[in-house]
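Here the protein sequences come in this chain order: A and B. This note's numbering puts the first residue of the first sequence at 1, with every later residue one more than the last. This note's numbering puts the first residue of the second sequence at 418, with every later residue one more than the last.
Worth flagging that the hints you see were computed from the coordinates, not collected in a lab. What you are looking at is a predicted structure, and each value in this text was computed from that prediction instead of being measured. Don't take every hint at face value.
Unchecked claim - Short, incomplete list of chain B residues facing chain A, as computed with Cβ under 10 Å:
#, residue
1, ASP434
2, GLU580
3, LYS581
Heads up, the beta-carbon is just placed ideally off N, CA and C, and yes, glycines get one too.
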Amino acid sequence: MNISEKILARASGRKEVSPGEIVEANVDMAMVNDITGPLAIETFHKIGVKKVWDNNRIVMVLDHQVPADSAKSAELHKIMRKFAREQNIPHFYDVGFGGVCHQVMVEKGHVRPGELIVGADSHTCTYGALGAFGTGIGSTEMAAVFATGKIWLKVPETIKINVSGEFQNFVGAKDLILNVIGQLGADGANYKAMEFDGPVIKNMNISERLTICNMAVEAGAKTGIINPDEKVMAYVKSRTEKPIEPLKSDEDAKYEKVVDLDVGSLEPQVACPSSVDNVKPVSEVEGIPVDQAFVGSCTNGRIEDLRIVAEIVKGKKVKSGVRFIVTPASHEVYLQALREGVLETLAKAGACICNPTCGACFGGHMGLLADGETCISSSNRNFTGRMGSPKAKIYLASPATVAASALKGEITDPRRL
Amino acid sequence: MEIKGKAIAFGDDINTDVIIPSKYLTTLDPDELAKHAMEGLDPKFYEKAREGVIIVAGKNFGCGSSREHAPIALKHAGVRCVVAKSFARIFYRNAINIGLPVVECPSILEKTNDGDELLVDLAEGEILNLTKNLRLQASKLPSFILEIISADGLVEHLKRRLEKDGKL
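Same shape as in the complex, but just chain A:
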């Protein structure tokens, strides 16, 4: 079996499972945020169960609209706080204590190798970077998980992506995953798992692996996953004292298909409006003027991303007329960037530093776009209307490409600065 099959077999108390089988699995951790949580809570009350199945296995994060940007958002936050109190949920992350839910899940040790984690957010697939099977579900289904701790899942086919070669300078994880999505298409991995392997993946740090698995859903995947190694074990052990039982793909594991990639000649990649699979090398879109550059999100708002951005903009100024919005992915990332002087470097270059939130990435607040404007963003979706006006254009790229573009005021290859 491969790692996804092994996790689903363990979670459903079976010796073996194979693709296509439907299993009823026990959920190890369940996560909601301030957009999906209130609806899950309302639905949980409709079911009529008094207590959640296990208060220690639920994580609640306020991240999409924090601090509350409207009275309506404040009401949603109130529903979340009340439920956390009533149900005695210890893992509740309020304004100032958390950040973007997926980053919080990882930092706070709620993601452990070998576990089945469901989140009421599509980017729950991020957790595969630590060898967990993470998958996104909706609010009603989450209400049922709150009540029973169980969920039915179809064991997915797996596409294995083997990556070898050596990245050029300023080319990395984001460029790789955009390239893969461009090749597979927006539904190329629909209902399937994507397992990433090969020397390039093994060389990656945790942050880069999170970027890769985070975007698996943009090819339709149920999860993105990487076999946990010593780097993962060291990271997780530094974050939790809970026991860890990692699982790994067998040598003879079966895959629906295997894709081999070499990154040696990979250019920085850009996903053009208005679908994530509309991917082009930066050389084909260089020179397109931008009104806004955004660095942040669960895809690319970590300390490693901010360091690269700081390296590029250090001692320089953002092009006049460009809003450069930087949103650290979590409170911890924010503090670390503060300590290292990264925030000072960015602010001196003209960046507007926001508090940790999903913010502009999902078009909630903190940097929305007007009719006819163009944004280059380190986030994960460029759909029509995603970041404000349906008449705005969004290009997705790596933090390095976004930073270079902010300096020049147009889409720019970071290797040529």
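Please arrange chain B on chain A, whose structure you already have, making use of the hints.
Relative to chain A, chain B alone:
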């Protein structure tokens, strides 16, 4: 289970940000969400859907975020069923869980025009285009999914199950 309605056609990769834009996600009121369903693609959608319609679409319908507000907005706008070439997985589960029937039919877009009268047989996995007098093959839903849909969603289905087990 049979569902009848006029077709409204959309293309491929209709994502949840266009089904219901994020700026409306601060409400939990289904009727309020319904008023903004699909407004970026068709500002008159809500008006058209009131009479009870069937959405027909291409591949990967409902891709993007996990927001359940998307199928809720469609259902409360008057959408009785979505027939698409294929669905994104989270939307597919969400739709079933809130009692909005979803059916996969590879040839639906080629064989249907806006305004055609359709009759969908969920149990048989069959679609009749009454306007063009065509019979189209669709995927058959597994019986446990049909049970959820006929209970108008997962909440009622789960309540029945928990009551039966004496857990409510």
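Now the hints, each set against the structure:
no. : hint   : in the structure
1   : ASP434 : holds, 4 Å
2   : GLU580 : holds, 9 Å
3   : LYS581 : violated, 14 Å
In summary, the structure is inconsistent with hint 3 from the numbered list given earlier, while agreeing with all the others.
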